[in-house]
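S.K.: The residues making up each chain are set out below.
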Amino acid sequence: EPEVTQTPSHQVTQMGQEVILRCVPISNHLYFYWYRQILGQKVEFLVSFYNNEISEKSEIFDDQFSVERPDGSNFTLKIRSTKLEDSAMYFCASSAAGYEQYFGPGTRLTVT
Amino acid sequence: GESVGLHLPTLSVQEGDNSIINCAYSNSASDYFIWYKQESGKGPQFIIDIRSNMDKRQGQRVTVLLNKTVKHLSLQIAATQPGDSAVYFCAENIANSKLTFGKGITLSVRP
Chain A
465 EPEVTQTPSH QVTQMGQEVI LRCVPISNHL YFYWYRQILG QKVEFLVSFY NNEISEKSEI
525 FDDQFSVERP DGSNFTLKIR STKLEDSAMY FCASSAAGYE QYFGPGTRLT VT
Chain B
3 GESVGLHLPT LSVQEGDNSI INCAYSNSAS DYFIWYKQES GKGPQFIIDI RSNMDKRQGQ
63 RVTVLLNKTV KHLSLQIAAT QPGDSAVYFC AENIANSKLT FGKGITLSVR P
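Heads up: the protein sequence lines correspond to chains A and B, in order. Per our numbering, residue 465 is the first one in the first sequence, and the count goes up by one each step. Per our numbering, residue 3 is the first one in the second sequence, and the count goes up by one each step.
Derived by calculation from the structure, the hints in this document are not laboratory data. Treat the hints with caution; some may be incorrect.
List time: in silico SDA-like cross-link candidates among lysine to any residue, alpha-carbon distance up to 20 angstroms [claimed, not checked]:
| hint | chain 1 | residue 1 | chain 2 | residue 2 |
| --- | --- | --- | --- | --- |
| 1 | B | Lys44 | A | Ile518 |
| 2 | A | Lys506 | B | His74 |
| 3 | A | Lys506 | B | Pro11 |
Only a predicted model underlies this, so the values are computations on that prediction, with no experimental measurement involved.
From just these sequences and the hints, can you work out the full model?
M.R.: Written out as structure tokens, the structure reads:
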């Protein structure tokens, strides 16, 4: 069964450093998303991406965040200058038609 | 603001019993709802979905009920098993956009 994959599973970085979180969505899907989940809290939407552009973003997704689909398979989330409060699980999701979204296993980002 | 929320933070059930997990949503424009299961250290796993033009949908051992009049969504799990122990989230979607998640409820299955 096809699934969304994410790398790395755990990323530790120092405050102020740049990180890139990587995702490989399900191959025939057209809609891509990033969500995050701070420990013990609910999953929060960050950004959606369709047709090579951002279709929607939340207020969390400020100018320190960016997304890219550099090739036909990868979908990345970059945080330019990490802050302590960026520590969270980051989930990538993909969807064929924009409704049923399938999530990856997540990347745990720890900012020290 | 509008939000999706869950009534109870934890639910403990006996193995073999049926479980019912409830969710209230407040955005009447939502047209699609999903239940996700999240096990410790893993991503949300799709369980079942329902569109706003339906009031009931059944899967394998799971049923989702939608009551648009009172903006209520529920997940019923038949013959609950230890492997069903997890955090369950309801999520809503409007017109093909982002998912808005509820707070999550922990289901604990007693052997």
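S.K.: Look at each hint and say if it fits the structure.
M.R.: Tested hints:
no.: 1; hint: B:Lys44 x A:Ile518; in the structure: violated, 26 angstroms
no.: 2; hint: A:Lys506 x B:His74; in the structure: holds, 19 angstroms
no.: 3; hint: A:Lys506 x B:Pro11; in the structure: holds, 12 angstroms
In summary, the one numbered hint that this structure violates is 1.
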